[in-house]
Amino acid sequence: MSKTLFTLLALALQSWSIVVPFAPHNVSVDGVNLFYREAGRAVDPTILLLHGSPDSSFGFRNLIPYLADAGYHVLAPDFPGFGFSKVQASRNYIYDLDSFATTIECWLDGLKIDTFSMYVFDIGGPVGFNLALSNKYNITAIVDQNAAVYTDAFGPGIQPLIAYGEDPNNQSARDALVSFLSPESITYLYLTGAPDPVMVAPESYTVANTWLAQPDSKNIELSVFQSFAEKVSAYPSWQQWLRKHQTPLLAIWGAQDPAQVPAGALAFKKDLPNAQVVLVAAGHFALETALVQIGSTMVSFLTANSISSDPMVLGGT
Numbered sequence: 001m002s003k004t005l006f007t008l009l010a011l012a013l014q015s016w017s018i019v020v021p022f023a024p025h026n027v028s029v030d031g032v033n034l035f036y037r038e039a040g041r042a043v044d045p046t047i048l049l050l051h052g053s054p055d056s057s058f059g060f061r062n063l064i065p066y067l068a069d070a071g072y073h074v075l076a077p078d079f080p081g082f083g084f085s086k087v088q089a090s091r092n093y094i095y096d097l098d099s100f101a102t103t104i105e106c107w108l109d110g111l112k113i114d115t116f117s118m119y120v121f122d123i124g125g126p127v128g129f130n131l132a133l134s135n136k137y138n139i140t141a142i143v144d145q146n147a148a149v150y151t152d153a154f155g156p157g158i159q160p161l162i163a164y165g166e167d168p169n170n171q172s173a174r175d176a177l178v179s180f181l182s183p184e185s186i187t188y189l190y191l192t193g194a195p196d197p198v199m200v201a202p203e204s205y206t207v208a209n210t211w212l213a214q215p216d217s218k219n220i221e222l223s224v225f226q227s228f229a230e231k232v233s234a235y236p237s238w239q240q241w242l243r244k245h246q247t248p249l250l251a252i253w254g255a256q257d258p259a260q261v262p263a264g265a266l267a268f269k270k271d272l273p274n275a276q277v278v279l280v281a282a283g284h285f286a287l288e289t290a291l292v293q294i295g296s297t298m299v300s301f302l303t304a305n306s307i308s309s310d311p312m313v314l315g316g317t
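Reminder that position 262 of the sequence shown reads as 262 in the UniProt record's numbering, one-by-one numbering, no gaps.
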């Protein structure tokens, strides 16, 4: 990791820890030096936040203290190769979504956490549903923010990724994705759909672009893109899991996301008639401009499904 990226993220961590403390951790697991952020009391209901791309747990920097303040135990890891998580030199790691899920499993098992709600965003969706299908965990609720589980979600912005996944030798699709990873395109994705672009904190896309400028980051992204496209074939198994378990689900989506469109949120009703669907006036990175709406809706949803802190615990010492 470059000194520039380290400095940017460290300053962001420091500034937010002044407002509401949350602890950064590093742990060696599955051949990965895994970084994660934690806030709230371990005795409170756990919420696992799984980030998107080219994001990291930094994308949850505002949501983490919001949820902790509402009485939840919050865990937000960086996937291997993203943010502060670094694969150890001796590990021949495959950067795909199955590997990410395996690493997260090892980490959760080490923490002895087997019951949690999860917030999945973008590539966090496949990772989260891998955890669900493992049948190792009691997943009490799901908050899905612009994470496709149905092909209904696919907008024009995601088509080059799907084409590349279907044929990694498709040079035009690869070129389109490499172009997408340019600083201009990443900044555009962060700003697109925002009610006002000035509402988007510049550190959000600056951190993403700084990470992408690191050696191997673009190759990691291309590998993840291919894995994302390959995971489309797993959608029916995820849908079957939802039908079987009827897990409470809130689909809260940025309605102006050019990649994963609102039809993907509405599609949950096919398998979960009681799913709550909320469309937010925001883009793909909806938390950057709609924190309060997403956070408050999420807390209300969890509370309505009896997932909240014990008042006696909150009132204790």
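Careful: at least some of the hints might be erroneous.
DSS-like cross-link-like pairs, simulated, lysine-lysine; straight-line CA separation at most 27 Å [said to hold, decoys possible]:
(1) K112 <-> K86
(2) K112 <-> K244
(3) K136 <-> K86
(4) K136 <-> K269
(5) K136 <-> K112
(6) K270 <-> K244
(7) K244 <-> K136
(8) K218 <-> K244
(9) K218 <-> K136
(10) K86 <-> K218
Beta-carbon label-pair distances, calculated as ranges [to be verified]:
(11) H25 <-> T115: 38 to 48 Å
(12) S308 <-> S172: 44 to 54 Å
(13) S237 <-> D167: 40 to 50 Å
(14) D114 <-> S233: 21 to 31 Å
Note that these hints are calculated values from the structure, not bench results. As the structure is a computational prediction, the values presented were derived from the model and not from experiment. Think of the CB as a built atom: it goes at the ideal place given N, C-alpha and C, for glycine as much as any other residue.
Index of numbered hints that the structure contradicts, given in increasing order: 8, 9, 11, 13
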